[in-house]
Amino acid sequence: MTTRELTRELREAIVASGYFPEFIEATVARAVAGERIVDSVVHHEATFNHDAIHRHVTVLVLTPTRFIVNHTDDGEGPGPTQALSTVETVPLRQIRSVSLTHVVTNPERYGNDGADPSEVWLSVGWGIMRRLELEPAACEDPTCEADHGYTAADVADDLTVRMSAAADGDGPLQRLVEFGTALQLATA
1023 MTTRELTREL REAIVASGYF PEFIEATVAR AVAGERIVDS VVHHEATFNH
1073 DAIHRHVTVL VLTPTRFIVN HTDDGEGPGP TQALSTVETV PLRQIRSVSL
1123 THVVTNPERY GNDGADPSEV WLSVGWGIMR RLELEPAACE DPTCEADHGY
1173 TAADVADDLT VRMSAAADGD GPLQRLVEFG TALQLATA
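Here the sequence shown stands for residues 1023 to 1210, numbered as in my numbering.
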């Protein structure tokens, strides 16, 4: 598949990320492999580490049969600049859960001016990654000094993408909602 076979919207979003667009387009096109693109979303995120900035681009693609996750970020090796691109494809029938979390400031004004989501989280689980969250257990007695051990939560953690209106803008935030809704419908 050539990158020209990607949808115009997907190519434009990859280019707008400003992070090695030709490389990302090529890896996404190879993963799509000529299958029709139903929907897609691109998330660009920068993180800071002491004296360096690291960029990450995640491209999510929905086809009639697969959920494709392409993640590209900076390499850490010495020498010339590196970018690493990892593609995971998941058959839609293997996706166990798709959740969309909407965060709204001033929920009493929802539906009126100023009550649009301020951030959205898309979480997709297909059973590959799990995370164990441990925290000290406690009882309801505020004066209790006994050691109650720990509580644990076993959490599916395959993919979470968070976008906020402040960092990403309203347009990309809405695209994540639309993509998440399409993925929910495709896996229902």
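Keep in mind that the hints were calculated from the coordinates and are not lab data. Even glycine gets a Cβ: it sits at the ideal position worked out from N, Cα and C. Each hint should be verified, as a subset may be incorrect.
[Unchecked claim] Computed spacing ranges between beta-carbons, pair by pair:
{"no.": "1", "residue 1": "Ala1160", "residue 2": "Gly1056", "range": "27 to 37 Å"}
{"no.": "2", "residue 1": "Ala1055", "residue 2": "Pro1129", "range": "41 to 51 Å"}
{"no.": "3", "residue 1": "Thr1103", "residue 2": "Glu1130", "range": "25 to 35 Å"}
{"no.": "4", "residue 1": "His1076", "residue 2": "Thr1165", "range": "24 to 34 Å"}
{"no.": "5", "residue 1": "Glu1027", "residue 2": "Asn1071", "range": "32 to 42 Å"}
{"no.": "6", "residue 1": "Ala1168", "residue 2": "Tyr1132", "range": "16 to 26 Å"}
{"no.": "7", "residue 1": "Tyr1172", "residue 2": "Leu1122", "range": "45 to 55 Å"}
{"no.": "8", "residue 1": "Ser1140", "residue 2": "Ala1160", "range": "24 to 34 Å"}
Results of checking the hints against the structure:
no.	hint	result
1	Ala1160 with Gly1056: 27 to 37 Å	violated, 55 Å
2	Ala1055 with Pro1129: 41 to 51 Å	holds, 43 Å
3	Thr1103 with Glu1130: 25 to 35 Å	violated, 49 Å
4	His1076 with Thr1165: 24 to 34 Å	violated, 46 Å
5	Glu1027 with Asn1071: 32 to 42 Å	holds, 36 Å
6	Ala1168 with Tyr1132: 16 to 26 Å	violated, 44 Å
7	Tyr1172 with Leu1122: 45 to 55 Å	violated, 31 Å
8	Ser1140 with Ala1160: 24 to 34 Å	holds, 31 Å
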